[in-house]
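Protein sequence lines, in the order shown, are assigned to chains A and B.
Under the numbering used here, think of the first position of the first sequence as 1024, with each following residue one higher.
Under the numbering used here, think of the first position of the second sequence as 1024, with each following residue one higher.
Hints are computed from structural coordinates only; laboratory data are not their basis.
The structure displayed is predicted, hence computed values, not measured ones.
Any given hint might turn out to be false.
[Claimed, not checked] Derived pair list, reagent style SDA-like, types lysine to any residue, alpha-carbon separation capped at 25 Å: (1) B:K1049 x A:A1159; (2) A:K1049 x B:G1046; (3) B:K1049 x A:E1213; (4) A:K1049 x A:D1036; (5) B:K1049 x A:E1164; (6) B:K1049 x A:R1082; (7) B:K1049 x A:S1201; (8) A:K1049 x B:D1156; (9) A:K1049 x A:Q1064; (10) B:K1049 x A:S1139.
2 protein chains.
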Amino acid sequence: MIKEQYPSRLLEDAVDAIRSLPGVGKRSALRLALHLLRQPQEHVHHFTDAINRLRDEVRYCRNCMMISDDEECSICRDHTRDSRTICVVESIRDVMSIENTGQYHGLYHVLGGIISPINGIGPSDLTIRELVDRVARLTGESQEEVEVILALSGDVEGETTAFYIYRQINRFDIRITSLARGLGFGDDLEYADELTLGRSIVGRQPFKP
Amino acid sequence: MIKEQYPSRLLEDAVDAIRSLPGVGKRSALRLALHLLRQPQEHVHHFTDAINRLRDEVRYCRNCMMISDDEECSICRDHTRDSRTICVVESIRDVMSIENTGQYHGLYHVLGGIISPINGIGPSDLTIRELVDRVARLTGESQEEVEVILALSGDVEGETTAFYIYRQINRFDIRITSLARGLGFGDDLEYADELTLGRSIVGRQPFKP
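Work out the full structure: start from the sequences and follow the hints.
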């Protein structure tokens, strides 16, 4: 194919910018740029303002590192929640996913990534230090039990990160747990991968009729 | 599913803005917003600036209505091109597609849409008037033949628009053509739709070995 010629440098710049988004190819970027070009000017400015404001004005909760409009996020400010249970997750998105289940009533700690030597991400790039300080503060404040749930993904990087954190906080007298692993609800045995099925058998639970 | 809770109004606004793009759902919009949040501030500003500048500063060629950085587009300014052949297309994107073939050396006329009563688009919303003026000017300037190629899509709306334009410019002494229709190159007879195959037989061409 002949190299795509852009009729306008402005269009080319916009397409290049849009292509920098993950999962957006050249064709989609052109389609989106031409779509934006057809919109009323106020609409386009509203679009870009919303993105700029997100990047420029968003804050991170001083307690759990979740994004927030204030110094402390709405979850940490909610005194009906169990402040002695901390669910450690990789990202903001994981918090939103767990919140959507409606099953969790403790607080969170957002690591901001996962230990990944290939991607050059080490423990000091994450908020592990802040987590350790938080656990130290909680255990110092009261004798009541503290639980840290390591809710990280089940791949090598997730397990490495979980193990690293475990070693950092194991010296405190706390309960450390991780998410239950096994077949998904409604999953068909036939289509489950061997590793999951194997772990489901080993970690079998008392039957509750 | 429980209604998605956003931890920040800024995030919610950005997700809503990104969702307004065609083909972008709620999940993708959230993914893109969180991606942008992780980028350096200059990167995000470069992204939004490129989009704002496209919308604010782009111009349309006074001759063919193609987008352009100047008063006249680079195609119309190219004097090696045949200025007496005008290829009428629906959109900017069609110009780019035809230019990419490298097979066309005339000029264009961008309608800016297609006649579509369902979508409330009538002839006066398109640049048909400008096309008629342009043809009048060209035929008035010289006796040399003028050709107008109606390169519109093969659906009902495309054919309606082509027919409408045909009636507007048929009074001039010009050649009016449309794109060849038939099986695509490399297409398998077996998988061709009946309409295309039928038209391919009716419009059969002398065999060129």
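Hints, one by one, checked against the model:
no., hint, result
1, B:K1049 x A:A1159, "39 Å, violated"
2, A:K1049 x B:G1046, "15 Å, holds"
3, B:K1049 x A:E1213, "32 Å, violated"
4, A:K1049 x A:D1036, "12 Å, holds"
5, B:K1049 x A:E1164, "41 Å, violated"
6, B:K1049 x A:R1082, "22 Å, holds"
7, B:K1049 x A:S1201, "29 Å, violated"
8, A:K1049 x B:D1156, "36 Å, violated"
9, A:K1049 x A:Q1064, "24 Å, holds"
10, B:K1049 x A:S1139, "28 Å, violated"
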